[in-house]
Amino acid sequence: MSTKEIIWIGRGGQGAFTAAKLMGAACTEGYSLAFPTFGPERRGAPVRAFTKLSDTPVTDRSQTAAADCIAVLDKTLFTPELFSLLKEGGKLIVNSADETEGAVSFDADSTAAELRLPVVNTVMLAYVGKLTGLITKEQIFAAIDGYMPERLREKNKKAVERVFEG
Amino acid sequence: MKRFLSGDEAFAEGIRLACPDVISAYPITPQTVVVERLSEMVEDGSLDSEFIHVESEHSALSCAIGASAAGVRTFTATSSQGLLYMAEGLPYAAGGRFPVVMMNANRATALPWNIYGDQRDSLALLDTGWIQEYAADAQEALDMAVMSYYIAEHRDVSTPFMVNLDGFVLTHTYENVDIPDRERVREFLPPYETENCFDFEHPKNIGFSAGPETNFIFKYKEHRAFERAIHVIKEAERRFGELFGRKYTGLAEEYLTEDADYVIITLGTAAGLCRTIADELRREGVKAGVLRIRYMRPFPNEEIARALKNAKAAAVLEKDISFGNAGTVYVNVAAALQWAGVSTPLYDFVGGLGGKDITHADIRNIYESMGKGAPRVTFMGIGVE
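Top line first, the protein sequences correspond to chains A and B. Under the numbering used here, the first residue of the first sequence is numbered 1, with each subsequent residue one higher. Under the numbering used here, the first residue of the second sequence is numbered 1001, with each subsequent residue one higher.
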């Protein structure tokens, strides 16, 4: 496959970069990169993170300008300008209970709340996997087991399961 | 074992495998994660090192020099202002022939204050007698944490070694890395043994003075050690390849340079994007190539001259400028061409200063402008000489 690129948009503390990392870590068969927009970390401030997946080594470390998928974890950060960062046929997902024109709305907040998860990152990750087919549920489980603290694993896996079943 | 790690984390894993006896370091962004991980490893017992908390970078390097003079393997890490604060100790370590290994996270130097990546910190200290390597990805960073000790501590070299990682773009980017088996690393890297240390049985003078009659001889010996290092680097890479299956290419890494009309010469992670654009240009019928300088010292004079001999034009892309002249990498590359009698036009592109993202369009622009004859020095984004 050619390089697939995902942009994660959220606020500091929502776990956008963790989602980017888990997606990269989930891609154990091929090559992947994950990085945030660099700088001091501030709770509540807008952050972007990037995941790149490929079956050949990813040598381009520049920020993604044409994404296969953009995941917006906080609907207040959605702007129509984000569509200009999508490839032809790329998908923009917004965590929202309301419809967003041209984008896919997915109410990650409700799923996270049902399972008493304080952040929506793994729920959004699961939805990105389900919608794009870029990673499977099993790959996400393996990434959670490999890279999340033990006490968080079961709850997050349950959330991922819920999204893939839903 | 495969793990998804940042460049900093990967480097710390490499240091755990190399197992220095003494680590003395002071945290500074974007190197901090290395220091944090190493102190955690010492704490949980997976790394048997003496971790010495120091009050400054000047003390960090002084402490490493002292420990090395006691005959043990040492490690320190820093970045930017921290490296500059160490500057007094750098030629001390080199002149004393203490094979300290240092990780430097390449970062801009103040003022204006800036924590992001460029290479003006280490390039400003090129003449202090340290071997300088620039890694391009997290795997190379990890492997260099191990290989640097083999080279620095080799009897023919006995010279301190600085491994440079691009701030953030490498230190804070996550990717899959293979962590070699500990036993096999032991096979590759034997414990440090030296006669260049304090020894009650065989007392000798260490850290002595040398006047005008003999001083230059010591400097000549340092210079010669860098020439021998070229062979030791090759030997280290051959042995590393046999044991771990990963190949490294010595002082420089070439990509499609053999028949290239236009070549970009660069350091560190920027080479990756240059390769992507070179591939694109090749598909469009332009013969583009990339030469990544891995070692600034010892410098790949022969490799550069050979790769550029038949090119129509070449350009250096560097995150550095030596005010009043050109970038330091450019000056070094130009000298390599001059010695070899290669007259390929060579241009200098200064970019990525203070962490500015280098884009696809920037690299395309370099390839296109060198064909047309660019100014000698171009500040990317400003475009004036």
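Warning: the hint list may mix true and false statements.
Partial selection, computed: residues in chain B whose CB lies under 7 angstroms from chain A [stated by the list, open to error]:
id	residue
1	Phe1004
2	Thr1173
3	Ser1209
4	Glu1227
5	Gly1272
6	Arg1275
7	Asp1279
8	Val1342
9	Thr1344
10	Leu1353
DSSO-like mimics (lysine-lysine), calculated; alpha carbons at most 30 angstroms apart, straight line [as the list claims (entries may be wrong)]:
id	chain 1	residue 1	chain 2	residue 2
11	B	Lys1309	B	Lys1287
12	A	Lys75	A	Lys91
13	A	Lys130	B	Lys1287
14	A	Lys91	B	Lys1356
15	B	Lys1312	A	Lys158
Simulated from the structure, these hints should not be mistaken for lab results. From the three backbone atoms N, C-alpha and C, an ideal C-beta is built for every residue, glycine too.
Unmet hints by their number, sorted upward, for this structure
Checked against the structure, the hints that fail are numbers 3, 4, 7, 8, 9, 10, 13 and 15, while the rest are satisfied.
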